[in-house]
Amino acid sequence: MKCIVVTPDKTVLDVEASFVALPLVDGEIGIGPKHTPIIGRLGYGELRIKSGSDTKAYYVESGFVEVLNDVVTLLTDSAIEASDIDLDSSQQVLTEALAKPAHNEALTTLKEQSVAAARAQRRIAQKRALQ
Amino acid sequence: MAKARALDRRRRSIRNTRKITRTMELVATAQFKRAMDRAVAASSYTQRIVSLVNDLAHAGASVTHPLLEEHAETKNAALLVLTANRGMCGGYNTNMIRMSMARWKELQKEFGEGAVLEISGKRGFSAFRFRGIEPHQTYTQFEDKPAYEEVDELATRYIEGYYAGKIDRLEIIYTRFVSMSKQVPVHEILLPMTRLISDEDVTDFVSKPSSEGGKKTEADLKKEAVIRAAQSRLSLSGKANIREGGEIPFDFYPSAQSVMEEIVPSAFRIKLFKCFLDAGVNEQIARMVAMKAATENADQIISMLNMAYNRARQGQITNEILEVIGGANALG
Numbered sequence: 022m023k024c025i026v027v028t029p030d031k032t033v034l035d036v037e038a039s040f041v042a043l044p045l046v047d048g049e050i051g052i053g054p055k056h057t058p059i060i061g062r063l064g065y066g067e068l069r070i071k072s073g074s075d076t077k078a079y080y081v082e083s084g085f086v087e088v089l090n091d092v093v094t095l096l097t098d099s100a101i102e103a104s105d106i107d108l109d110s111s112q113q114v115l116t117e118a119l120a121k122p123a124h125n126e127a128l129t130t131l132k133e134q135s136v137a138a139a140r141a142q143r144r145i146a147q148k149r150a151l152q
Numbered sequence: 406m407a408k409a410r411a412l413d414r415r416r417r418s419i420r421n422t423r424k425i426t427r428t429m430e431l432v433a434t435a436q437f438k439r440a441m442d443r444a445v446a447a448s449s450y451t452q453r454i455v456s457l458v459n460d461l462a463h464a465g466a467s468v469t470h471p472l473l474e475e476h477a478e479t480k481n482a483a484l485l486v487l488t489a490n491r492g493m494c495g496g497y498n499t500n501m502i503r504m505s506m507a508r509w510k511e512l513q514k515e516f517g518e519g520a521v522l523e524i525s526g527k528r529g530f531s532a533f534r535f536r537g538i539e540p541h542q543t544y545t546q547f548e549d550k551p552a553y554e555e556v557d558e559l560a561t562r563y564i565e566g567y568y569a570g571k572i573d574r575l576e577i578i579y580t581r582f583v584s585m586s587k588q589v590p591v592h593e594i595l596l597p598m599t600r601l602i603s604d605e606d607v608t609d610f611v612s613k614p615s616s617e618g619g620k621k622t623e624a625d626l627k628k629e630a631v632i633r634a635a636q637s638r639l640s641l642s643g644k645a646n647i648r649e650g651g652e653i654p655f656d657f658y659p660s661a662q663s664v665m666e667e668i669v670p671s672a673f674r675i676k677l678f679k680c681f682l683d684a685g686v687n688e689q690i691a692r693m694v695a696m697k698a699a700t701e702n703a704d705q706i707i708s709m710l711n712m713a714y715n716r717a718r719q720g721q722i723t724n725e726i727l728e729v730i731g732g733a734n735a736l737g
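Protein chains in written order, with our numbering: chain G, 22 to 152; chain X, 406 to 737.
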């Protein structure tokens, strides 16, 4: 099975994988080889790619996933390697997100999104800090 | 000796100028390659989004989204102009400035205080300032290698502004990349989005310039030759692979509708990003062509001066010989 991660800037990742866990908008999904074709909305959270005994973790931020012909393609705005996320700065991002205005429906959605993104980042940073 | 020496001095100064333009051409070629690589990398994302939209459309998802809807009243319009930070790129900046100046006047007439002018690139806003127009926002950080993050920030601001009713319309003026030999200044309306995203938005960066119909002027052909030479020197990376697919029974998480709604802002962001990438590539193409022309011109002037210098020198020697003979005759 192949796993490809594409951001608008570049193709971040193009690797063989035995198992991929990724955050959908309503929860995590695990994808093994020969998975049925799906199109899904990504949430904010951790993408784990297992190939052999090696597991790589990334933070992905919204976007889409397409599984087709044993290829998992993630289209996301940004994919950051989990080790590159700093706990302090993620906390700061969260504080900033919480301070955003929410005067109408659309703005509220936007605020919720950035808060969710910041929380997910912090969670990954915390997880790494514990390890 | 005076005339020959003056010619020699001129020749030397033009040789120096030629060195500079030649170097700038090479630099522009290298930067063009970089800008092109980014654009090609980005078009892979765009292409995948487009194929996703097609798959979703097959599944019968329709879209309604605030970004697609026109506001009931259009009071505030923003005009974003993409120019370069640096000059020496032929008509690139001038085209942008001329076009945006005309559009800005129209917008001011139509919206008065509601019109907002935003300019990216030093050349652009200094030209506007020179004419006594102060832009509301200026950006210099994009250069010819815009990062998605930076453009995304801008896009988020526009989206937020559109939601909040601070912007009712967003227009952009930039140079669109059509093919290697053709770049056109265009004026587009980005918000409200009139259509989502389609194959039109995927620029075919590596197609052959000769595939276009119509007659070509001599300048066009020359330009193509320059670009082809640059291309062969750099051997451009291949086109992103397109998936061949009929109808595939996808499962949608959570639903086709929901995915479609999420695609709308992404489509806007990527469209805006593409404008910046196009502008970056075109700036370098324009510079490459302009500098190539300047170098060739310098070559021509040098060869002309060479001839003039040699004539002057010969004339001088003849004169001297005549003088010597005249002197010898007078003595004898």
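The hints are simulated quantities; they were obtained by calculation from the structure and are not laboratory data. Keep in mind that this is a model prediction, so the values were computed, not measured. There could be a bad hint or two in this list.
[As the list claims (entries may be wrong)] Chain G is faced by these chain X residues, among others (derived, beta-carbon under 8 Å): (1) M506; (2) G566; (3) Y568; (4) F678.
For each residue, glycine too, the CB sits at the ideal point set by N, CA and C.
Now the hints, each set against the structure:
1. Nearest Cβ of chain G to the Cβ of X:M506: about 31 Å, over the 8 Å cut. The hint is violated.
2. At its closest, the beta carbon of X:G566 sits 10 Å from a beta carbon of chain G; the interface hint therefore is violated under the 8 Å criterion.
3. Restraint check, X:Y568 versus chain G: the minimum CB separation of about 3 Å is within 8 Å; hint holds.
4. Restraint check, X:F678 versus chain G: the minimum CB separation of about 5 Å is within 8 Å; hint holds.
Violated hints, in rising order: 1, 2; the structure is consistent with all others.
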